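Student: Okay, here's what each chain looks like letter by letter:
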Amino acid sequence: MAGSGAGFVPPSTADFNLPPIIGNNAYSTKPVFLVLLSVLVISAFFIAASRKALVVPSKLQFAGESIYAFVRNDIGEEIIGHEFMRFVPFLFTLFTFILTNNVFGIVPFLQFPSMSHVSFPYVLAVFSFVIFHAVGVKKQGLGKYLKGIAFMPGVPKAVYILLTPIEIATFFLVRPLTLSLRLFANMFAGHLLLLVFIMGGDHLIRGVIGLKLIAPFAFAFGIGMTFFEFMVQCLQAYIFTLLTALFIAGALSDEH
Amino acid sequence: MSLRTVAAEATVNPLVPHVAELIVGFIAFSALFLVLRAKVVPMFEKAFAARTEAIQGGIEKAERAQREAQAALVQYTAQLTEARGEAQQIREEARVQGAAIIDDLRAKAQEEATRITAAAHASIEAERQQAITSLRNEVGALATELASKIVGEALDDQVRQSRIVDRFLDDLEKSK
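Protein chains in written order, with the working numbering: chain C, 1 to 256; chain U, 257 to 432.
All clues given are correct.
Pairs of lysine-lysine residues, derived as DSS-like cross-links and limited to a Cα-Cα distance of at most 25 Å, are as follows:
#1 Lys52/C - Lys295/U
#2 Lys302/U - Lys317/U
#3 Lys302/U - Lys59/C
#4 Lys302/U - Lys52/C
#5 Lys157/C - Lys144/C
#6 Lys405/U - Lys430/U
#7 Lys147/C - Lys157/C
#8 Lys59/C - Lys295/U
These are computed hints drawn from the structure, not numbers from a lab. Note that the structure is predicted; figures quoted are calculated from it, not measured.
Let the hints inform the model, and build the full structure from the sequences given.
Tutor: Next comes the structure, spelled out in structure tokens:
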């Protein structure tokens, strides 16, 4: 921040455009490194946790299993039903990937949520979009699947004038967009909020004596918001995965 | 969106994706998916299956033990019933046998008593005959003796008469 001497410059969207770390290479930015780091961290943790596959688990295996079982049973089996096992690897990857990258936002020294760069949520939403439509087409056939979306059965014909455009927009535009933007916006806003309190506190402590006294409150609030952010980060990972599971379940059932 | 402008631009629309990040995101997610699907999910599933099997095995074992216990109980009950029946039968036989023995003994005793009674009767009859014979002889002899004595002495007065009788009786005593 350049606002130490003169007036306070509030954090803005520009703060999310971190310069490349190595040269001018667009592939060497912090979010890119964080995403790659998350792949390494998740892989290492879960491979270590699942390597032995003991009947009586170690603490590490238990920790890994708990997360896996949560996605498998509480999201996969609960929502999708008897065909859930096919989608567990995808849902599990989705959940751990989003969760780790979100939590990076409050991990000391990393402190940047990769998902506040909209590209990553877009990618994930595209995966989700492609998969749930592919499941529907494969299950019901292209014609029947599209007909099911456009003309919801059990509705008076006149209602289709209103319903058909809404349904088509929902399935092909609203779902992927809300999925990605919800995640992006939560991470973006959360990070911005933390920036406001931490950088604001930093600015206050450099000011006159009266402002110095206020600074601790800004920092304390920043710490409080960090806990709140952690909750939001976990929640958003859960919601993204849950909604994807719901879309898949909808595509699998005959009456979407 | 040009790659060059990612870093420098101050007023970038945050909703516009970066190509580099799209590519990295796609590759990173795919790689993670492949790793988790190949290495992690099967292992966790294996652990879950093994656990389920262990629990089911335990339940089956318990059920088998219970079935065996039930079978043993049925067998023991059957054996007990059989033993009771057998005991009843043995008691019945013993009772019948005891009754037979008692009847037998009673018959024997009856027979013996009859035999003894008959023998006693015979013996008594024989002795009676003997006594009659003996008495007849003795009474004859005595009568003869008494008659001779009466004849031998004068029986005029009462004293003498009674003396004679007394003497006779004394003699009779002595001769016994």
